[in-house]
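The listed protein sequences derive, respectively, from chains A, B, C and D. Mapping the first sequence onto the numbering used here, position 226 (from 1) lands on 249, and the numbers just tick up by one. Mapping the second sequence onto the numbering used here, position 206 (from 1) lands on 229, and the numbers just tick up by one. Mapping the third sequence onto the numbering used here, position 150 (from 1) lands on 191, and the numbers just tick up by one. Mapping the fourth sequence onto the numbering used here, position 28 (from 1) lands on 69, and the numbers just tick up by one.
Just so you know, the hints here were simulated from the structure itself, not pulled from any lab data. Hints are not guaranteed to be accurate.
Stated by the list, open to error - Okay, derived cross-link-like pairs now, DSS-like style, lysine-lysine, Cα gap no bigger than 30 Å in a straight line:
id, chain 1, residue 1, chain 2, residue 2
1, C, 240, B, 70
2, D, 366, A, 506
3, A, 257, A, 213
4, C, 195, C, 327
5, C, 329, B, 186
6, D, 216, A, 186
7, C, 82, A, 46
8, C, 195, B, 215
9, C, 329, B, 506
10, B, 46, A, 474
11, D, 82, A, 213
12, C, 413, C, 366
13, B, 213, C, 193
14, D, 366, B, 46
15, D, 366, D, 327
What follows is each chain in one-letter form.
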Amino acid sequence: MTQLNEAVIEDKLIFEASDFTRKSSSLAPDIDVDTVAKSLPEHLLRKSDLQLPQVGELQVVRHYTSLSQKNFSIDTHFYPLGSCTMKYNPRACNTLAQLPGFAGRHPMAHSSMSQGIMSCLYDLQNMLMEATGMKQVSLTPMAGAQGEFAGVAMIRAYHDHNKDDARTEIIVPDAAHGTNPATAVMCGYKVKELSTNDQGDVDIEALKAMIGPQTAGIMLTNPSTLGVFERKIKQIADMIHEVGGLLYYDGANLNAILGKVKPGDMGFDVIHMNLHKTFSTPHGGGGPGAGPVGVSGRLQPFLPVPMVALKDGQYYWLTEDELSLSIGHLSAWMGNAGILLRAYIYALLLGREGMQRVAEFATLNANYLLQRFADAGFEIAFPERRASHEFILTLRKEAKQYGTNAMDFAKRLLDYGFHAPTTYFPLLVPECFLMEPTETEAKTDLDGFVKAMELILEEAKESPEVLKQAPYTLPVRRLDDVKAARELDLNYYQSHAE
Amino acid sequence: MTQLNEAVIEDKLIFEASDFTRKSSSLAPDIDVDTVAKSLPEHLLRKSDLQLPQVGELQVVRHYTSLSQKNFSIDTHFYPLGSCTMKYNPRACNTLAQLPGFAGRHPMAHSSMSQGIMSCLYDLQNMLMEATGMKQVSLTPMAGAQGEFAGVAMIRAYHDHNKDDARTEIIVPDAAHGTNPATAVMCGYKVKELSTNDQGDVDIEALKAMIGPQTAGIMLTNPSTLGVFERKIKQIADMIHEVGGLLYYDGANLNAILGKVKPGDMGFDVIHMNLHKTFSTPHGGGGPGAGPVGVSGRLQPFLPVPMVALKDGQYYWLTEDELSLSIGHLSAWMGNAGILLRAYIYALLLGREGMQRVAEFATLNANYLLQRFADAGFEIAFPERRASHEFILTLRKEAKQYGTNAMDFAKRLLDYGFHAPTTYFPLLVPECFLMEPTETEAKTDLDGFVKAMELILEEAKESPEVLKQAPYTLPVRRLDDVKAARELDLNYYQSHAE
Amino acid sequence: MPYIPHTSQEIAEMLSVIGVDSIEQLFNEIPPELRSDGLDKIPSSRSEMQVQRLLTEKSMQDGTPLCFAGGGAYEHHIPAAIWEIATRGEFYSAYTPYQAEASQGTLQVIYEFQTMIASLTGMDVSNASLYDGASGLGEAVLMSVRANRKAKSKRILMPATVSSVYRQVVETIVKHQDITLDIIDFDRTNGTIDICKLKQQSEPFVALVIPQPNYFGCMEDVHSLTDWAHEQGAMVIGLVNPVALALLEAPGNWGTQGVDIAVGEAQPLGIPLSSGGPYIGFMACKQKLVRQLPGRIVGRTVDLEGKSGFSLTLQAREQHIRRSKATSNICTNQGLMATTTTLYLAFMGRDGLQKVAASCVQNTQALIELLKTSPGISFPFGTSVFHEFVITLPADVEQVIEAMAEEDIVAGINIFQYYAQDGLENALLICVTETKSTEDMAFFADTLNKVINDLTGGAQ
Amino acid sequence: MPYIPHTSQEIAEMLSVIGVDSIEQLFNEIPPELRSDGLDKIPSSRSEMQVQRLLTEKSMQDGTPLCFAGGGAYEHHIPAAIWEIATRGEFYSAYTPYQAEASQGTLQVIYEFQTMIASLTGMDVSNASLYDGASGLGEAVLMSVRANRKAKSKRILMPATVSSVYRQVVETIVKHQDITLDIIDFDRTNGTIDICKLKQQSEPFVALVIPQPNYFGCMEDVHSLTDWAHEQGAMVIGLVNPVALALLEAPGNWGTQGVDIAVGEAQPLGIPLSSGGPYIGFMACKQKLVRQLPGRIVGRTVDLEGKSGFSLTLQAREQHIRRSKATSNICTNQGLMATTTTLYLAFMGRDGLQKVAASCVQNTQALIELLKTSPGISFPFGTSVFHEFVITLPADVEQVIEAMAEEDIVAGINIFQYYAQDGLENALLICVTETKSTEDMAFFADTLNKVINDLTGGAQ
Ligand SMILES: Cc1ncc(COP(=O)(O)O)c(C=O)c1O
Ligand SMILES: Cc1ncc(COP(=O)(O)O)c(C=O)c1O
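Use the sequences and the hints to build the structure in full.
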């Protein structure tokens with residue numbers, strides 16, 4: 024009875040609503056295209072069809088407004104995606120960054136016409152230096168991975184500058200994010216994988232065995248992606264420095280320690296930060312990010328350009344003209360300037376006091392959630408450790424006993440109105456959930472989340488099929504990823520040629 | 024299997040998420056309230072509890088973002104609500120009206136600091152004069168009903184001014200909108216209801232019988248709310264004028280005739296416009312609107328103030344100082360100025376050409392829809408007439424044969440993703456649907472709508488219960504309006520005191 | 042064709058379904074002699090880019106002055122999230138929630154709005170909004186007359202401490218129904234209702250209006266006024282500023298019984314100044330008067346599965362059902378502004394609103410302190426105020442305002458124009474909210490001193 | 042506590058569940074000697090109101106100049122609806138769509154983005170975005186080397202008509218992988234690749250980069266260049282401006298086979314200038330190269346009921362699966378910008394984009410006509426351009442730019458600094474898009490003439 028007749032209008036692709044004879048927009052200038060085209064060299068003109076959709080404006084608004092409603096997001100759902108730091112994103116950060124004076128500024132406008140934005144970036148450089156305990160910060164990398172690239176490139180530039188060209192290896196723990204080894208390779212290094220012990224710490228003996236004059240450096244994040252703090256960090260730093268290597272800090276997990284401990288004090292030579300995590304710039308369904316790098320004194324000459332400097336009350340761009348050893352430019356101008364601006368605004372709103380609270384409440388929420396899950400009978404990956412801002416739960420028991428794996432739990436959580444935690448990462452914990460509640464979630468939401476997991480556990484015991492077929496309440500049921508990869512359909516016009 | 028466990032978090036009221044001990048906002052100034060309160064007279068201070076919710080910012084964002092998703096709206100759905108003119112609302116109208124220079128202007132700022140906004144309002148006055156064929160326009164009424172009030176008050180002021188105080192009656196057709204008779208009463212008039220003939224025209228004989236020296240005026244809309252054009256309008260105007268009465272034009276249906284025929288040319292003495300309909304300012308879930316009035320020469324002295332005038336290149340406010348016969352002020356300042364601004368922007372975007380098209384395509388869409396419904400076997404209320412921008416379908420046959428009334432069809436339409444047309448208005452057509460597609464809907468959407476109605480008709484025949492229980496796919500099932508009115512619950516804290 | 046999505050092929054198909062040759066033919070029921078000859082005086086259509094440029098220029102044409110005017114429209118900080126959420130298409134482009142099941146978003150928001158307004162005013166029930174504070178006061182007067190049909194008069198006592206523009210609007214709205222507004226004079230020494238003159242009223246009256254704080258920024262002695270009016274068998278209409286209610290007693294608790302109707306302008310709660318509108322009138326009343334309330338009302342109910350939901354209720358009071366016997370002709374109201382107000386109060390919370398109110402008081406006191414030392418300025422009503430106060434100037438107030446405008450300051454409101462016969466010569470009404478910094482106030486005071494000095498040739 | 046929703050009662054309950062006495066105790070695994078001594082140099086927190094005021098002032102500090110600079114970042118009209126929709130919380134605050142079922146909005150948008158980019162470039166497949174055009178070109182170079190493992194060299198032919206900043210970025214990105222960029226000189230008379238010098242290349246190379254239009258605004262002879270490179274057994278990377286592609290042939294159709302990889306900056310499609318970012322690199326390629334594409338890719342598939350849906354696919358190329366063997370280290374990309382671009386193209390449509398492009402060409406020609414009469418200005422490469430052109434000035438270009446800035450004009454880009462050794466003395470690169478009115482162009486020309494006159498003491 025409650026079913027709808029099959030004719031209910033399915034959501035279309037914008038191309039399916041298009042008709043090339045439609046001319047309905049108020050958005051384009053009024054001009055005769057053909058006449059103008061005649062003034063261009065004939066043989067370079069477009070002869071091939073330009074297949075862009077022609078749809079009425081109202082219909083476009085409806086299409087994308089409706090599509091947006093199919094997303095989970097931090098503005099609508101609890102989103103405990105581990106290592107991704109999905110926290111509250113104050114709206115003022117966006118509205119202020121879009122002020123015409125900021126949005127309209129051309130990157131090549133003379134610096135005399137750019138003092139406003141430059142002062143913001145300069146202040147941000149300083150705040151990030153203070154927050155991380157590094158000597159200098161360059162804001163230009165456009166995401167964490169580009170920050171990593173900049174960092175490892177600086178390590179390489181440093182060794183090259185010292186003519187120390189035997190250093191061909193970068194050490195990366197097995198728990199590390201995939202960007203770490205991928206970056207090392209882009210910088211021309213061989214990757215040595217370092218194992219983790221059963222407490223989630225780096226295996227010091229293994230480390231000892233792999234370092235030497237060939238070691239360019241090590242890439243760590245602390246707390247690690249296992250959600251625990253590497254307690255022997257000082258010893259590791261000393262070991263690496265002793266053999267002439269440098270330490271790279273992957274700052275994706277900075278949320279856990281903001282104001283509590285600084286990477287500079289742990290002995291790191293270079294770090295990147297993910298401002299789209301710790302400083303809450305929008306994730307935007309996959310980006311943009313911002314991945315500033317900070318360095319200790321010895322890497323300062325190699326920082327990527329441009330940076331902002333201040334002389335006689337005027338801000339100016341610091342470029343390779345003054346930093347001749349710089350690893351160079353990573354983007355045409357100042358990276359994701361508009362995102363940096365949002366991070367700056369967020370930093371001003373938080374202030375010193377707010378930053379202190381970030382780590383405190385992120386950690387409180389994570390440890391509370393950990394304990395609640397432990398009490399509910401779930402297996403914690405590192406039960407003897409404190410959680411940092413995130414922690415790992417393993418569902419291997421459930422997988423074995425009920426045949427319901429981590430993905431099944433994840434999909435069923437969606438039905439209960441919660442975004443799933445990160446699944447199957449880090450790779451070394453079987454059937455794992457990496458959970459990061461962040462500081463901006465209320466206790467009631469954490470309790471609701473635990474309750475949902477308890478209910479799903481019940482379902483797993485009683486009718487595992489329910490989980491395996493989940494989700495049920497979303498715009499689509501479980502999707503066939505295998506088909507997606509085997510029968511590639513990446514382009515509407517190509518796949519639907521006729 | 025697909026059911027969710029009962030524990031899924033129900034949508035709460037904001038009050039249920041509140042905790043008075045929470046202090047989480049970045050939005051308030053940092054100040055010690057108690058100290059300041061001491062500087063105010065003690066006996067006037069608030070002793071009673073201030074029950075406003077204390078909720079975290081993220082939680083507030085989530086609450087209202089999620090609530091918004093429970094609405095149908097023009098940005099998400101076809102919304103053929105007759106007489107409401109739910110058409111495309113270009114976003115630029117909103118973003119430009121919110122520019123700081125407009126949004127931040129205090130209404131009492133000196134006119135030397137207000138030339139920008141005043142020039143917009145002045146231009147709008149002129150454009151509306153041209154569009155309606157009236158001699159002068161005052162923008163101040165804040166919605167259609169207030170425009171009606173202003174209009175009838177002017178009629179009264181006119182007769183009063185002429186010492187013609189025997190005129191105590193206003194004639195209103197039975198098909199008229201409820202605001203018409205309600206307004207007449209607010210202006211101290213008795214309402215005489217005029218009947219309609221079976222072609223949807225005013226019953227001229229009945230009219231003849233009721234007019235005389237007691238007639239202050241008549242309120243008409245043309246096309247009427249029956250969706251047809253009153254063909255004898257000139258004759259009616261002459262009849263009323265002959266007995267010394269005036270003609271009021273309810274401009275809610277202006278969309279039907281914009282650029283095609285002007286109320287001034289039909290013989291009307293005073294009109295109001297609903298800019299939130301014809302000029303597409305946002306309906307906002309119930310308002311705000313804007314209901315400017317236009318008048319012929321004889322009512323000009325009575326227009327409500329303020330208006331904008333121009334002298335020596337400077338705009339200034341025209342008030343009762345210069346218009347001593349004005350009916351006065353209807354709002355503290357210039358009515359819904361920000362809405363007027365949106366209408367002005369829309370008018371600029373449409374321009375002369377665009378305004379011509381409004382009526383053309385609104386009429387095309389309505390007549391097409393009418394014909395499609397006729398072809399599909401639905402009964403049209405006035406089958407021999409052209410539709411204007413809207414038309415009426417009566418479901419009395421279906422109600423009788425299948426026991427499914429207009430409300431059942433309406434609710435079932437929601438399941439199919441279409442907002443229902445206006446139901447049970449005008450009151451004189453049984454089981455009616457007043458449908459207004461507007462000019463901005465695409466043919467494919469009209470076709471989809473017809474298809475849905477056809478399917479529902481099938482359902483009505485085969486299993487009327489499906490309709491009677493609809494909707495099924497919305498956030499709530501059919502609501503109990505009787506209970507709502509009987510067991511009044513209008514205030515959370517009062518109804519849930521404990 | 043901007044905004045018209047039809048292709049020529051579609052137009053042809055549609056015409057053929059209808060059975061006509063041209064769109065023009067669809068207008069053939071309109072008598073030809075009435076047909077319009079076009080819209081020549083309306084400019085040709087412009088692209089969004091052109092309109093954006095034009096409007097941006099117009100918006101910047103008058104600068105962004107520092108605003109010290111109040112008088113019914115107040116500058117407060119508006120949290121960014123509010124308008125971002127309120128202008129989401131689903132709120133912004135929905136109609137009045139006639140189909141409740143498809144409008145639960147708007148309906149729940151309004152139910153929350155009603156609850157918040159009732160809490161703020163200390164009343165039982167609130168409606169879903171009226172146009173603005175001034176017309177709302179008009180509706181309140183009409184309501185008091187309706188609710189009091191047995192009353193011997195249709196006389197309303199209207200203090201002169203109510204904004205004169207408000208009084209004008211009320212006059213416009215109620216004058217056709219034989220209602221009279223009798224103005225109650227104010228006490229020249231403290232700027233509040235003259236209690237002695239009030240108590241001399243011997244004729245019966247329907248209701249007394251009490252503003253709090255009043256137009257001069259002064260606080261009325263609401264408790265004794267309320268009790269006095271009730272003793273006379275009349276109703277009390279409280280006209281209140283919603284921000285002030287964070288610190289000042291709610292009208293529902295004035296005197297021993299509280300007022301009967303509370304009304305006011307909710308613009309201070311998250312709505313931009315925007316040249317005077319769109320704003321939003323709010324109105325709340327005692328439970329027993331609910332059937333006399335004008336405007337829409339949302340009620341909580343259940344669906345056929347027993348799940349809680351919301352719908353428009355008590356519609357039998359309204360014009361679309363009751364027609365000529367309706368409580369008011371209002372139809373379209375200020376729904377989006379009700380949404381905004383609800384968002385504002387939800388984001389600020391009780392704490393936040395109290396802090397805003399306290400900050401207004403503190404800043405106002407600070408500016409008063411600065412001006413106390415200004416030569417020639419006096420404070421006719423003393424300085425016990427909420428966030429507005431009156432000063433009288435030793436120079437022509439209009440000239441002062443103009444000279445301040447030259448310095449990009451909206452100096453306040455010339456109230457001499459309204460109270461000329463009350464001896465408030467060259468009086469200026471000044472408002473200071475939480476938006477003003479210490480530097481802003483110093484700049485105001487310095488500029489004012491300079492302006493006065495210039496105008497008086499240094500005589501002060 | 043801004044953004045922290047915990048009440049003190051809740052904190053106490055949570056600590057007790059955890060079994061610790063204080064939040065501080067949760068940090069007890071951090072060696073005490075490492076603990077930080079605070080964040081003293083970071084300013085104290087400010088309210089949203091204070092930050093709004095500060096940032097508003099900073100944003101206005103430099104005015105809103107008339108912008109005639111391009112060089113990789115272009116001012117176009119951005120329809121209002123785009124950012125209103127793109128910043129809806131559901132798009133703005135979602136993460137990478139790892140849970141496909143809960144991210145169909147973003148995923149479908151990106152699928153549509155890929156389709157639009159593929160259409161625009163005439164290629165088979167597109168990825169979901171790269172950081173920006175410059176780094177995208179770096180990725181394209183890496184991709185061509187990966188795809189051509191059998192090639193005898195790692196040499197890339199990089200014309201000097203590619204933006205010098207782009208070339209610098211590519212250098213930074215590729216230099217650790219033994220890739221060499223050989224710069225191909227340009228023809229001094231027409232500002233395009235010097236075909237003679239190019240054809241003298243005798244050593245093998247992996248790929249030729251072809252910009253269209255090039256950095257000088259001139260149009261390269263893309264067909265013969267593409268065919269020539271293919272004949273040499275090399276790949277072709279087309280570096281294109283997406284607006285220009287509305288009128289100019291798509292790289293997929295250059296020469297007989299089309300390019301192998303098309304890459305560029307999509308900022309002109311609805312993204313504000315915003316001091317250089319966030320922008321968005323796009324990349325499309327032939328089907329056979331799809332497994333070498335860096336970055337995310339969305340595919341269409343079905344759910345277990347056969348309903349169509351979307352998910353991230355070909356993830357085995359990416360760093361989170363393939364780790365050190367990934368096609369790139371890119372993870373977070375420019376998703377929101379892909380959404381914006383998609384919205385822009387959907388709103389403008391084919392017609393709209395063509396009109397924007399035509400308007401750019403027309404306006405550019407108009408300014409050129411005006412400047413032709415300016416004494417002392419010359420056009421080293423002629424005037425057959427898309428929407429940018431080079432002039433040489435009879436005065437110091439940096440001084441001219443500064444003097445124009447005084448008049449609130451961004452005059453263009455000093456390209457003398459990049460091409461000093463190429464004889465482009467005092468060359469200025471000027472861009473004119475559809476945003477410039479006739480008055481704007483006249484103002485530009487007049488001001489430039491005046492400035493030159495001032496600087497040369499009227500010698501011109
Ligand atoms: C631990 C870790 N390192 C590095 C990265 C890469 O950062 P980005 O995605 O900004 O490139 C991430 C992001 O997911 C991460 O979680
Ligand atoms: C025919 C008609 N007249 C008058 C009105 C009243 O206008 P408003 O709602 O703007 O007060 C309406 C609006 O619904 C209407 O449709």
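Okay, the hints, checked on the actual structure:
1. C/240 to B/70: holds (27 Å)
2. D/366 to A/506: holds (24 Å)
3. A/257 to A/213: Measuring from Cα to Cα gives roughly 25 Å; hence the hint holds.
4. C/195 to C/327: holds (21 Å)
5. C/329 to B/186: With a Cα-Cα distance of about 41 Å, the restraint between residue 329 of chain C and residue 186 of chain B is violated, given a limit of 30 Å.
6. D/216 to A/186: Holds. Residue 216 of chain D to residue 186 of chain A sits at ~17 Å (cutoff 30 Å).
7. C/82 to A/46: holds (26 Å)
8. C/195 to B/215: Cα-Cα ~26 Å, so holds.
9. C/329 to B/506: holds (18 Å)
10. B/46 to A/474: holds (26 Å)
11. D/82 to A/213: Given pair residue 82 of chain D, residue 213 of chain A is violated - Cα atoms ~39 Å apart, limit 30 Å.
12. C/413 to C/366: violated (55 Å)
13. B/213 to C/193: holds (23 Å)
14. D/366 to B/46: violated (49 Å)
15. D/366 to D/327: Holds, because 22 Å separates the two Cα atoms, which is no more than 30 Å.
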